[in-house]
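Participant: Here is what each chain is made of, one letter per residue.
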Amino acid sequence: MSGPRSKLLLVGQRILHAVPALVGIVIITFLLTRALPGDPAAYFAGPTADAESIAQIRHNLGLDRSLPVQFVVYVRDLLHGDLGQSISTGQSVGHELMARLPASLELTLVALIVAIAIAVPLGILAATRPDSWVDHLCRFVVTLGVSLPTFFTGLALVYIFYYQLGWSPAPMGRLDILYASPAAITGFFTIDALLAGDFEIFKASVAQLVLPAVTLALFTLAPIARMTRASMLQVLASDFIRTARAAGLSRRKVLFTYAFGNAVLPVITTLGMVFSFVLGANVLVEKVFSWPGIGSFAVDALVSSDYAAVQGFVLTMAILFVALNLLVDVIYTLVDPRLSVPA
Amino acid sequence: MDRRTFLNAVVVSGAAGLLDVRGGAAAEDDTIVIAIGDTINSLDIQRSGSNRPAYQVAINAYDRLLAQGTVDDIYGTHSDYAKLRGELAESWDVAPDGLSVVFKLKPDAVFTDGTPVTADDVKWSFDRAVSIGGFPTQQFGIGKMTKPEQFSVIDPHTIKVTFPVGSKLSLPDFAVPLAIIYNSKVVKAHVTAADPWGAEYTHRNTAGSGAFHVERWDPGQQLVYIRNDHWKGGSVPAIRRAIIREIPSKSTRRALVERGDIHIDFDIGGKDAQELKASPKLKVASWPIVNVENVISLNVTFPPFQDRKVRQAVAWAVPYQQIFEQAAFGQGKAMFGAPGVPDSAVWPAAFPYKTDLDKAKALLAETAYKDGFTVPISIDLSTAEWSEPSALLVQESLGKIGITCTIDRIPGANWRTLALVQKKFPMIIDGFGGWLDTPDYYFFYTYTKGTLFNPAQYDNPEMAALVAKTMPMALNDPAYAPAVKRMIAIAIEDVPRIPLWQPALSSAMAKKVSGYESWFHRGVDARTLKLT
Amino acid sequence: MSAVTAARDSAIKRNWRHLVHVLGGNPLTLAAFSLLILLVLVAVLGPSLVPFSPFASNAAEALKPPSTTHWFGTDSVGRDVFSRVIVATRLDLLISVSAVALSFLGGCLIGSIAGFYGGWFDRISGRLIDTIMAFPLFVLAMGIVAALGNNVANVVYATAIVNLPFYARLARTEVMIRREAGFVMAARLSGNSGPRILATQVFPNILPPMMVQISLNLGWAILNAAGLSFIGLGVRPPAAEWGIMVAEGANNIVSGEWWLAIFPGLALMLAVFTFNLLGDGLRDLVDPQRRT
Chain D
1 MSGPRSKLLL
11 VGQRILHAVP
21 ALVGIVIITF
31 LLTRALPGDP
41 AAYFAGPTAD
51 AESIAQIRHN
61 LGLDRSLPVQ
71 FVVYVRDLLH
81 GDLGQSISTG
91 QSVGHELMAR
101 LPASLELTLV
111 ALIVAIAIAV
121 PLGILAATRP
131 DSWVDHLCRF
141 VVTLGVSLPT
151 FFTGLALVYI
161 FYYQLGWSPA
171 PMGRLDILYA
181 SPAAITGFFT
191 IDALLAGDFE
201 IFKASVAQLV
211 LPAVTLALFT
221 LAPIARMTRA
231 SMLQVLASDF
241 IRTARAAGLS
251 RRKVLFTYAF
261 GNAVLPVITT
271 LGMVFSFVLG
281 ANVLVEKVFS
291 WPGIGSFAVD
301 ALVSSDYAAV
311 QGFVLTMAIL
321 FVALNLLVDV
331 IYTLVDPRLS
341 VPA
Chain X
1 MDRRTFLNAV
11 VVSGAAGLLD
21 VRGGAAAEDD
31 TIVIAIGDTI
41 NSLDIQRSGS
51 NRPAYQVAIN
61 AYDRLLAQGT
71 VDDIYGTHSD
81 YAKLRGELAE
91 SWDVAPDGLS
101 VVFKLKPDAV
111 FTDGTPVTAD
121 DVKWSFDRAV
131 SIGGFPTQQF
141 GIGKMTKPEQ
151 FSVIDPHTIK
161 VTFPVGSKLS
171 LPDFAVPLAI
181 IYNSKVVKAH
191 VTAADPWGAE
201 YTHRNTAGSG
211 AFHVERWDPG
221 QQLVYIRNDH
231 WKGGSVPAIR
241 RAIIREIPSK
251 STRRALVERG
261 DIHIDFDIGG
271 KDAQELKASP
281 KLKVASWPIV
291 NVENVISLNV
301 TFPPFQDRKV
311 RQAVAWAVPY
321 QQIFEQAAFG
331 QGKAMFGAPG
341 VPDSAVWPAA
351 FPYKTDLDKA
361 KALLAETAYK
371 DGFTVPISID
381 LSTAEWSEPS
391 ALLVQESLGK
401 IGITCTIDRI
411 PGANWRTLAL
421 VQKKFPMIID
431 GFGGWLDTPD
441 YYFFYTYTKG
451 TLFNPAQYDN
461 PEMAALVAKT
471 MPMALNDPAY
481 APAVKRMIAI
491 AIEDVPRIPL
501 WQPALSSAMA
511 KKVSGYESWF
521 HRGVDARTLK
531 LT
Chain C
1 MSAVTAARDS
11 AIKRNWRHLV
21 HVLGGNPLTL
31 AAFSLLILLV
41 LVAVLGPSLV
51 PFSPFASNAA
61 EALKPPSTTH
71 WFGTDSVGRD
81 VFSRVIVATR
91 LDLLISVSAV
101 ALSFLGGCLI
111 GSIAGFYGGW
121 FDRISGRLID
131 TIMAFPLFVL
141 AMGIVAALGN
151 NVANVVYATA
161 IVNLPFYARL
171 ARTEVMIRRE
181 AGFVMAARLS
191 GNSGPRILAT
201 QVFPNILPPM
211 MVQISLNLGW
221 AILNAAGLSF
231 IGLGVRPPAA
241 EWGIMVAEGA
251 NNIVSGEWWL
261 AIFPGLALML
271 AVFTFNLLGD
281 GLRDLVDPQR
291 RT
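Residue numbers (our numbering), protein chains in the order written: chain D, 1 to 343; chain X, 1 to 532; chain C, 1 to 292.
Wrong hints could be hidden among the right ones.
What the hints assert, rightly or not - Below, in silico cross-link-like pairs of lysine to aspartate or glutamate (EDC-like), each with a Cα-Cα straight-line distance of 16 Å or less:
no.: 1; chain 1: X; residue 1: K309; chain 2: X; residue 2: E366
no.: 2; chain 1: X; residue 1: K104; chain 2: X; residue 2: D120
no.: 3; chain 1: X; residue 1: K83; chain 2: X; residue 2: D437
no.: 4; chain 1: C; residue 1: K64; chain 2: X; residue 2: E325
no.: 5; chain 1: X; residue 1: K277; chain 2: X; residue 2: D267
no.: 6; chain 1: C; residue 1: K64; chain 2: X; residue 2: E275
No lab work stands behind these hints: they were computed from the structure. Bear in mind that the values here come from a model prediction, so they are computed numbers and not experimental data.
Given these sequences and hints, build the entire structure.
Facilitator: If you want it as structure tokens, here you go:
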């Protein structure tokens with residue numbers, strides 16, 4: 001049984017499956033933020049607040065109510081699409097996340113593209129000559145990349161390519177001060193600039209992306225290269241490849257058309273995992289490059305016990321994670337003819 | 001030259017980053033770029049929750065009736081508490097009994113929308129400050145202003161303020177950053193029942209008469225000021241646009257200023273200040289901030305610290321010079337090693353303590369804690385740059401007299417709650433500063449029971465009586481100076497707070513920047529900056 | 001039973017031969033094994049070998065570049081960076097090993113029970129694990145440390161919780177595969193109870209694939225602790241820990257004191273690198289068919 005209907009059904013099932021996790025996220029995040037020892041009211045009340053004005057603000061923020069009541073209010077607001085107000089930035093959390101998410105996504109996607117462009121060929125190369133020095137070198141290189149903390153790599157790259165050599169633009173966020181950001185359509189500066197036909201800004205935003213993207217990419221080479229290698233090895237050992245080789249097809253055709261085409265599925269699964277991992281891990285890279293993404297927002301929010309901001313961030317990330325897994329599943333079902341609706 | 005060719009020219013010349021793109025011609029000298037490390041979280045200083053970095057908007061985009069004057073000395077140009085000048089006020093007249101003051105507004109002063117600044121705006125703004133709650137209400141209270149009835153409009157350009165009691169802090173209170181005058185017509189148009197003072201509007205928009213108005217605010221990224229050509233609060237700024245860029249990593253900020261991609265790296269650490277002073281490309285302004293001290297605070301409710309001798313023993317065991325060199329990097333003023341109890345009413349005052357481990361051991365031996373004890377030193381994560389090395393050195397030194405310390409780093413929001421509100425920590429390293437620069441004001445906040453900045457929970461009836469006596473006194477009252485000297489003597493004797501140094505506000509800037517001024521409020525003042 | 005023991009003995013012999021074979025044919029894995037031994041030696045003996053106290057400040061010697069006295073230079077209060085890097089080995093290994101051990105134990109327990117018995121426990125634990133996995137992991141770790149308190153023990157717990165789902169999932173899958181296997185059936189027929197079969201028959205068989213996960217995780221745990229240090233959470237000063245040293249030193253790269261970050265960074269890299277290579281090597285050992 002297959003066809004678009006059943007695939008739709010499969011997608012529906014997957015969405016339903018994600019609901020309990022999201023509910024769990026909402027509850028755990030709520031409890032976690034309330035367990036933070038800081039008092040947002042004391043923070044909010046300003047430098048010379050006395051106990052009275054702190055109590056007043058606690059009341060205004062609704063923090064003097066019991067936890068269950070606070071939770072009900074939170075869920076009710078959530079259902080109305082209201083993520084609350086961030087204390088540390090003074091903006092509504094929804095607005096803040098919408099403004100910052102594209103920055104993080106753009107950085108993560110570019111990093112992933114860079115990583116794929118390097119890691120997949122490395123993986124294939126390693127798989128064609130297993131246990132040779134090429135294989136070992138590939139492994140050495142990608143493992144080295146994952147062995148350094150991202151903030152260290154980032155700062156070192158800034159030092160070399162900006163401070164010493166001056167090749168890279170100033171690490172001041174998504175665009176140099178010289179330029180105004182392009183009209184927001186997708187929120188991705190590179191794409192928006194192209195849509196507006198402004199190559200100057202496109203170039204500038206790409207220039208800003210290079211160092212942070214490379215920093216993140218170095219960190220993601222290893223899982224992609226490993227998975228590519230393993231999955232290529234498996235496919236290369238399979239019968240149909242032997243048949244194809246026996247039939248006298250060229251090595252190149254066998255490798256890229258038949259073998260890689262079949263090896264790509266597990267790589268896609270890995271990419272899904274790596275993407276959400278990187279999106280969560282670019283927290284530190286954003287700090288180093290003054291990148292106005294959601295990661296640096298979350299760190300600041302957590303340190304200042306900014307409940308609404310932390311909750312909004314975690315929820316957004318969780319929804320992204322679920323959506324991403326769904327996307328991977330859908331791609332999987334579309335790409336892989338063998339996969340049918342599970343019993 | 002159109003924008004594209006202009007940009008190409010810029011890119012080719014390699015001077016990217018500093019030019020005004022919308023100005024058309026190469027307007028290099030009228031846009032200044034300043035990097036700060038924190039996030040500006042509001043455009044309204046009076047809104048509850050506005051953070052310290054946000055105060056600069058009140059400086060640059062609003063006016064007050066008065067402003068502090070400035071003075072030039074070895075620390076460069078900085079604010080001078082002893083001088084007041086009119087900002088929106090053309091003149092002011094204090095009644096002989098000190099219970100009222102009449103301000104005459106500058107007749108030609110206008111808000112950035114072109115409407116004149118009137119006494120009604122002033123009244124509305126002051127009514128707002130005393131009614132909105134939180135910080136502004138508190139600060140106005142210090143100046144003895146608590147009720148809207150105290151502000152009365154005499155004519156469109158004259159306003160009278162009355163006080164229930166006279167206080168030397170009243171007049172200076174009109175010059176603090178948050179005593180700003182709003183364009184009341186504009187703000188009132190955005191008032192709602194839930195928000196009677198339009199704080200949601202002023203949070204995102206400015207409505208003032210200041211030297212600049214906010215052209216663009218990308219929260220978490222940058223704030224762009226554009227000059228108000230009709231400013232009457234002072235001489236119109238030489239720069240047309242000021243870009244405040246938020247760069248969280250301090251090493252990135254340093255790289256930017258060293259490479260010339262920003263003009264000013266505002267509020268840098270001691271180490272950078274010390275090192276960049278030697279740079280041929282940069283100059284550094286470093287000014288010990290008035291009425292601020294970094295101190296070790298010993299909680300007198302913690303059993304060992306209940307004994308004054310234990311506190312004194314600690315004060316003799318602190319490695320002051322080493323801390324001043326390795327935590328403050330020699331920036332600011334040392335607050336230790338005075339030859340004796342100071343014979344002047346100047347505050348902050350250096351205490352006569354210096355590092356003398358034998359004396360410390362001897363004092364400790366006279367107490368019940370001669371075998372030592374264990375105490376955690378708590379520091380604020382956000383001040384770790386200087387408080388952590390200080391704590392490390394204190395820990396090492398106290399270990400030599402038998403006091404075992406652990407070091408706890410407390411993240412931002414928890415710090416306020418635990419250290420200042422609940423006063424839970426036995427021993428902290430922290431700083432406190434007051435905008436109003438009189439010793440009694442400092443002692444009130446830090447040495448009297450129940451105030452927020454007394455994490456030592458210090459309580460001494462004589463000190464409390466002296467604070468109560470000096471607060472309403474005029475500075476030139478003959479009884480004032482002796483009382484202050486006595487307070488300083490008690491502070492030295494009881495030593496609940498061990499002063500380490502008076503910290504400096506330091507900024508590094510390109511050689512071509514001039515007109516930089518250091519201010520008591522520790523915010524960026526872009527109004528006087530020039531590029532030459 | 002004796003047949004089973006004999007089979008296990010021969011399996012160990014086979015694995016040993018395989019190990020020797022793999023190490024012989026794989027210089028990187030061999031290097032990783034040697035590095036691991038070195039790391040463990042340094043962790044055990046380090047504190048008694050270092051030339052200076054890792055905590056002693058020295059005003060006259062602050063921020064000095066590497067020299068014959070101070071091989072890795074000194075930090076801002078004059079402490080010897082070399083001594084601190086060496087002494088930090090023990091704490092870093094302790095953090096990663098205990099975090100990974102905790103998540104391994106917890107994950108195995110949950111995963112094995114879920115996989116072996118299925119039913120409501122499987123469903124509930126499955127949902128819980130889905131929930132944890134949907135969290136942005138680093139931020140979850142941050143949140144846990146911030147909420148529980150800023151110290152090493154909580155860094156360990158946070159890292160353990162964040163890693164637990166991977167072990168639970170792996171254990172569940174591996175147990176499910178073997179649940180109906182012949183040797184389990186045989187044990188069941190000979191009257192062994194469920195928990196006993198799980199502990200004595202199934203569990204030893206799922207260990208090898210878990211080992212791979214462990215060694216990859218050890219590296220990640222060190223990086224996680226370093227990341228927490230970078231934002232000021234975790235290890236309490238004056239303890240020496242690579243992550244915090246790199247984090248503090250990284251701010252001094254631009255001002256020219258490169259040695260503060262580079263040396264602990266290299267140590268950190270070496271350790272993570274060792275664990276990662278080891279993980280790869282172990283995978284080859286456990287799963288020979290992955291390599292042709």
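Participant: Take the hints in turn and mark each one as holding or not.
Facilitator: Okay, the hints, checked on the actual structure:
{"no.": "1", "hint": "X:K309 <-> X:E366", "verdict": "holds, 8 Å"}
{"no.": "2", "hint": "X:K104 <-> X:D120", "verdict": "holds, 13 Å"}
{"no.": "3", "hint": "X:K83 <-> X:D437", "verdict": "holds, 12 Å"}
{"no.": "4", "hint": "C:K64 <-> X:E325", "verdict": "holds, 15 Å"}
{"no.": "5", "hint": "X:K277 <-> X:D267", "verdict": "holds, 14 Å"}
{"no.": "6", "hint": "C:K64 <-> X:E275", "verdict": "holds, 14 Å"}
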